[in-house]
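Colleague: With the sequences and hints as input, model every part of the structure.
One-letter residues, chain by chain:
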Amino acid sequence: MSQLWNTLIFEPMLNVLLFLYSLLGQNFGLSIIVFTVLVRVLTLPINLKQMRSAKASQALQPQLQELQKKYKNDREKLAEEQMKLYREAGVNPLGCLVPTLIQLPIWIGLYQSILHALGDNPLQLFNLARHIYLQFPILSSLIPLNSRFLWLNLGRPDPIYVLPFLTVATMWVQQKMMASPSTDPQQQAMGQTMELMMPMMFGFITLQAASGLGLYFVATNVFGIILQYFVSGWGSLGTLFGRKGGEARPTQPKGKKHGRK
Amino acid sequence: MKVFNAKTTLIVLLVVLAGVLGGCAPAPVVPAWSSLLIAGDILYTGSQVGRVYALNATSSLEIWQYPPASEKAGVGALYAAPALLDDTFYIGSFDNHLYALDANTGVQRWKFPSSGRIIADAVIADGTLYICSSDHKVYALDATTRLKEWEFATDNWIWGRPAVAEGKVYVGSFDHRLYCLDADTGQLQWDFEAGGAFASGPAVAGDLVYCGAFDGKVYALDTNSGQVRWEFKTEHWVWARPLVFDDTVYVGSLDGKLYALDAATGVKRWDFDAGAMIRAAPAFADGLLYVGTETGSLYALDAVSGQQKWVFDAGQGIYSSPVVGDGTVYVSVLGDTIYALDAETGVQRWTVTPSKR
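Each protein sequence line maps, in turn, to chains A and B.
One point on numbering: in my numbering, the residue at position 112 of the first sequence is 112, and numbering is uninterrupted.
One point on numbering: in my numbering, the residue at position 91 of the second sequence is 91, and numbering is uninterrupted.
No wet-lab data here; the hints were simulated from the structure.
Computed from a prediction, not measured in an experiment: that's the story for all the values here.
Be a bit skeptical, because a hint or two may be false.
Heads up, incomplete: computed chain A residues facing chain B, CB under 10 Å, no partners named [said to hold, decoys possible]: (1) G25; (2) N121; (3) P122; (4) L123; (5) I132; (6) S141; (7) I143.
Beta carbons: idealized from backbone N, C-alpha and C, even for Gly.
Modeller: This is the structure in structure tokens:
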């Protein structure tokens, strides 16, 4: 199992990062950012599908509310009817899990890659030797990598806590933009908890982990914010600033078809 | 199925992720391989918990430890092999210091601070102590007065022990260069750039200096000019210091092979496939070579033919060189366990983990 993980996830990621490092002027921070963009572009179809599915589920809110009223004493029937409604509307209620599930191995693989690539003690470097692609001699010639990026040593946590803050802030913004308004108080409360919990949890991870991982979180969140903006506008974030959700985008010239669906 | 069930699942996943990544945070004890020194009937070793131990080489009983057992914390992890001059014992540490201890009692005499982790073995020659550090520098100290004679800065870490011969000091650096310095002044005589980092130290014999690099090559350079006399390519990084004996260079590679090369021409005489990475230099005694692998096998080979005499499975990775004394070969494995084996047969005489006694 561990061999399979190394061959399919960890080693390709590690060596792609090393390739990017050699192409980008031996700057590991830039390598992580470009790597993030590549990952987000590769997973774009899944992300777009999920965003559109979330938007469609927003449209179902009035019907869901009706169902809740109708079957408030029969939870089994309620669940059955909800599923039926989702099915008929072509919405997958678990859709939000798919991008996260896809990103989980990327996060773990990236963290492993950063720790291995930026190893500054002999055992870490020895472990790197097990996973580097020897058929590309240029990769071995890059060792040891320069771990400095701006004020950061990418192999260690951010000493001035800027990255944890940025991780929390960008993730919160993204969560707010993604949030679908719910009429169910229970779901609303759960949604609000999620909007706070997820950024805090990732902030906590960034606080302790190698700052290279934090850089990935911030870069991927910024990419996500831009993507979300083009799919659904500012979402709930707009209402926080006195705008209706989805209205924040600049006006398009008349007659030109919008990219948004 | 309700939507919040999916969200609950997501929260659980994230908590698991936080655990996985949080758990990967650096541990307080840096895993390290420790190295050995045998002097008379005393075996000296460092440890990953930052303690130095002096053991009776015959019985494995502890003679002293530094810091003393009454002190709970050790110094930084100790990768380096100890060095001995008269009754003073020197060892570099991960906490950036080189410690000088009384070799008989383990009492600290003094310590030398550098600005980086000290992983390289210290070397003493002609009354001068040479210390290499991850702060990119090599320091020369008068071993008696402790006064710094000179220092020389390279462009990256120095993890390999320097070699000193004929008034010259040879130092390999992670900046891909091997430097030849004047031993008295630290003035650069020449340098040589390879296609990869030099993580190990060089070895000198006659008018050639030998060193392996992360470009997979073993280089033989002219000691006067730094010109390449020959080079030999292996299939992986060379992290082991070459061992030169008679007219043969013995060098291990992370490709899992120990190579015997003609010292003058670099032509391969034989190789031995150990099947696992070889990180450290072999030891030589009475016509036999002893070499360890990352999977914990210690091989005894005939130095002339490369034929295997015996193998001992220690079960844990061997990353440092074995030492041989009085018919016994000693080897330290990851986790600081030491094995004493009959050098002729490989039969175990004793084993001990000093830090867990």
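Colleague: Are the hints correct? Go through all of them and say.
Modeller: Okay, the hints, checked on the actual structure:
Given hint, G25 (chain A) at the interface with chain B, is violated; its Cβ is 17 Å from that chain's nearest Cβ, farther than 10 Å. Among the interface hints, the one on N121 (chain A) holds; its C-beta lies about 6 Å from the nearest C-beta in chain B, closer than the 10 Å criterion. Checking P122 (chain A) against chain B: minimum C-beta separation of about 6 Å stays under 10 Å; hint holds. Taking 10 Å as the C-beta contact cut-off toward chain B, the hint placing L123 (chain A) at the interface holds, the least distance being around 5 Å.
Satisfaction of the interface hint for I132 (chain A) is found here, the shortest Cβ-Cβ separation to chain B being roughly 9 Å, below the 10 Å cut-off. Because the smallest distance between the Cβ of S141 (chain A) and any Cβ of chain B comes to about 5 Å, under 10 Å, the interface hint for this residue holds. The restraint placing I143 (chain A) at the interface with chain B holds, with a minimum CB-CB distance near 6 Å, inside the 10 Å limit.
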